[in-house]
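As given, the protein sequences belong to chains A and B, one line each in that order.
If you're matching positions, the first sequence starts at 2 in our numbering and goes up one per residue.
If you're matching positions, the second sequence starts at 2 in our numbering and goes up one per residue.
Worth flagging that the hints you see were computed from the coordinates, not collected in a lab.
There may be inaccurate statements among the hints.
Stretch-level coverage of chain A by chain B, calculated; a stretch enters the list once three of its residues show a Cβ under 8 Å from a Cβ in chain B [claimed, not checked]:
1) 397 to 408
2) 440 to 451
Partial list, derived from the structure: chain A residues whose beta carbon lies under 10 Å from chain B [as the list claims (entries may be wrong)]:
3) GLN107
4) PRO129
5) HIS211
6) ALA215
Since we're looking at a predicted model, the values are computed, not measured.
C-beta atoms are modelled at their ideal positions from N, C-alpha and C, and glycine is treated no differently.
Here is how the chains run, residue by residue.
2 protein chains.
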Amino acid sequence: MAGSKLWLSLLLAAAFPGPATALWPWPQYIQTSDWHYTISPHSFQFKYHVRSAAQSGCSVLDEAFQRYRDLLFGSESWQRPALTGEQHTLEKDSLVILVVTPGCDQLPSLESVENCLETFSQLVWRSPEGTFFINKTEIEDFPRFPHRGLLLDTSRHYLPLHSILDTLDAMAYNKFNVFHWHLVDDSSFPYESFAFPELTRKGSYNPATHIYTAQDVKEVIEYARLRGIRVLAEFDTPGHTLSWGRGVSGLLTPCYSGSQPSGTFGPVNPILNSTYEFMNTFFLEVSSVFPDFYLHLGGDEVDFTCWKSNPDVQAFMKKKGFGNDFKQLESFYIQTLLDIVSAYGKGYVVWQEVFDNEVKVRPDTIIQVWREEVPVSYLKELALITEAGFRALLSAPWYLNRISYGPDWEDFYRVDPLSFEGGPEQKALVIGGEACMWGEYVDSTNLVPRL
Amino acid sequence: MAGSKLWLSLLLAAAFPGPATALWPWPQYIQTSDWHYTISPHSFQFKYHVRSAAQSGCSVLDEAFQRYRDLLFGSESWQRPALTGEQHTLEKDSLVILVVTPGCDQLPSLESVENCLETFSQLVWRSPEGTFFINKTEIEDFPRFPHRGLLLDTSRHYLPLHSILDTLDAMAYNKFNVFHWHLVDDSSFPYESFAFPELTRKGSYNPATHIYTAQDVKEVIEYARLRGIRVLAEFDTPGHTLSWGRGVSGLLTPCYSGSQPSGTFGPVNPILNSTYEFMNTFFLEVSSVFPDFYLHLGGDEVDFTCWKSNPDVQAFMKKKGFGNDFKQLESFYIQTLLDIVSAYGKGYVVWQEVFDNEVKVRPDTIIQVWREEVPVSYLKELALITEAGFRALLSAPWYLNRISYGPDWEDFYRVDPLSFEGGPEQKALVIGGEACMWGEYVDSTNLVPRL
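Same shape as in the complex, but just chain A (with noise of 0.2 Å):
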């Protein structure tokens, strides 16, 4: 869908002055007048141009006019108001959309350009009388940036599907496009795998009411097409994996004690040819239940301990010749699955531990910044991903979880992803940013509030 011209027709305007324009986000282009339109909710309509690519029977316009509709005028059953005064309404009165772009009913991705219906809800205003207007109003609009993200984390508190579902509404009035989804963490495993079922048995906090089903992936991942917004999931690897442990047995790397195996568990065992079986099993399936080009494969926090002290894995070192540089094991085991997701014809996302500990990954690789300071600050972090030709999207200073007294969003606001030293090829290669809501502390009660 293309939206770069929001075009109104409707006509006759009412005699008084309205409220201040209050638009979110801000357009590129305003023109505002304090002319306005008296809009009637039985008669108006939005209409598809005769010269547009898409028409009646794309179901994301068809079933957005329908939602627009139900969030201007509500689901009240409208009388037709009495006229007095200078106030006229057009029998006709209709919002017509242009299309440019054909494809209208494809998944959304990386190079969508966006509709133009919220920023029209945003402008519709309403009297103390009841009378909804828009002001006369012409706006030119893109989005900054291709890639404006949220993270919800599904596994440290599960997240009901219908908290899902009203977060990709919030994202959608936010213009927010991309929904990454990071499914599963040491807390719990919620996603329920159909090649391996275990995985949710033993690994989600009940699996009877605290899963993921196939079906509710699906409604999630329909319910964000129509609004325009791309479905990321992530399941992160070799770290943050305690709760696969529980339904792969040999999984996780055994941790020891001296010389004795301690019962505890570390990341995804490297140096098993079974782990690289279930990994291409595992990955053939996400692959092909997420329609997205991208995977986000995590690959963030991993904790050498574990591998240092198992003799197995300090034999296998030995073997590859990596000395005691266990980041050559790390990259060793996300290059092997890189390659594995690579063969399913899939792009990916990882943290950004994975550019910093030297992994060799495609040049099409997205590398997502989260930390702050270490090992720089992260406007230095995106010039060195950017420098080395990478795409990059910014998290660190936007955690949304880490809520404190007062007007956070203020300094959320101020943050400018580009304000790094870098030339204009690479400020280019910043794809955008996202949100991030971990859910240490936040779970469906505290969520959209927080949000």
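Take the given structure of chain A and dock chain B to it, following the hints.
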């Protein structure tokens, strides 16, 4: 109502162990066992004991029975379950309530003792198959402090009526029994006064939508009463009154810049007879609208800058022989106000500054401690207040609005209001505490999660 012993006359045990008892707050005495009884939603009844001082017709209990029925079993229409194995359901299983104190339907007061239905509801649990159980349990319980309050601030952000009612429910679940309603403040005046309707017309955020009508106030008081909760209304003067000034000309002190009025206003003007005439009428109304014996009269954070700047106030100080001690002027105002309110047969609670500034107050005044370290630590303040023979309420460590990242509740929970140095007669004067939810950054969207 009295519930010092919770007698369960449920019969017949099922054969498998239930979950650990999770009561909140923890009772004074509890003995539990793995034996548990099946409760059938079809036949379960709350019943009055034949010797109970309250009987059917006592609305507080009748309505509580209905409310807790719904809380326990939901509003599902219950099919008689098929009974298998060792489980048995009694046709007439019931919870028999014996109330020893007469006067069930009166308003709750500082001297009220509490009912046990909330405890009972927390003991009932449900198996994954949907059967309700309660473990055989003996409990003796009574509250450690008679005043367990929660403050809501409806001035900085208006809270819609449903938010207040929801909060009263949450209070009941946590056995809080005083709703401290900080109705008005500098930001807005949402309390609709019938004596001075201009107060809301000019002092509320929106006189059509952001006010509490007489009917709203009645509804809050009744909703609270049915849950054993007192409503302690606060009208804070002489500071925190900017919103009052819009509707009552001459009430606030005009501030001066040099020899000229600056156009801004300070605290209530304490030198005019008209001020006390207004307060006389206003608090006559308030005393009749809010039936609790206590009113909260505020008295915190009086800024003397404006008083100091005003030549009429300076002249008044001279005439009264107050010198430059504006605390004496504050005391003059507050003592006059306390006399007014006393004449209406009310008791009063004030913030600690009234005590700190050595205002002469009645011996039955309750002093609320809110400052953590100034002029002394809150524990030292409690010691000083109780040494002077006054009753004290603690709030300083429980400012719930001051949210931070992580489990704030642990610090709140660890506070012991009696951990100050003082004799048992001093400790006995600490009647309880109040958690405060100030409204600078709290409105209906984040109130419940933050609570």
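Okay, the hints, checked on the actual structure:
With 7 residues carrying a beta carbon less than 8 Å from a beta carbon of chain B, the stretch 397 to 408 of chain A meets the three-residue requirement, and the given coverage holds. Residue count for the stretch 440 to 451 of chain A with a Cβ under 8 Å from a Cβ of chain B: 7. That meets the three needed, and the coverage hint holds. At about 35 Å, the closest approach between the beta carbon of A/GLN107 and any beta carbon in chain B exceeds 10 Å, and the interface hint on this residue is violated. Interface hint status for A/PRO129: upheld, as the beta-carbon distance to the closest one in chain B is roughly 7 Å, under 10 Å.
Against a cut-off of 10 Å between C-beta atoms, the interface hint on A/HIS211 is violated, since the closest Cβ of chain B lies about 12 Å away. Here the hint on A/ALA215 is broken, as its CB sits about 22 Å from the closest CB of chain B, past 10 Å.
The structure shown violates the earlier hints numbered 3, 5 and 6.
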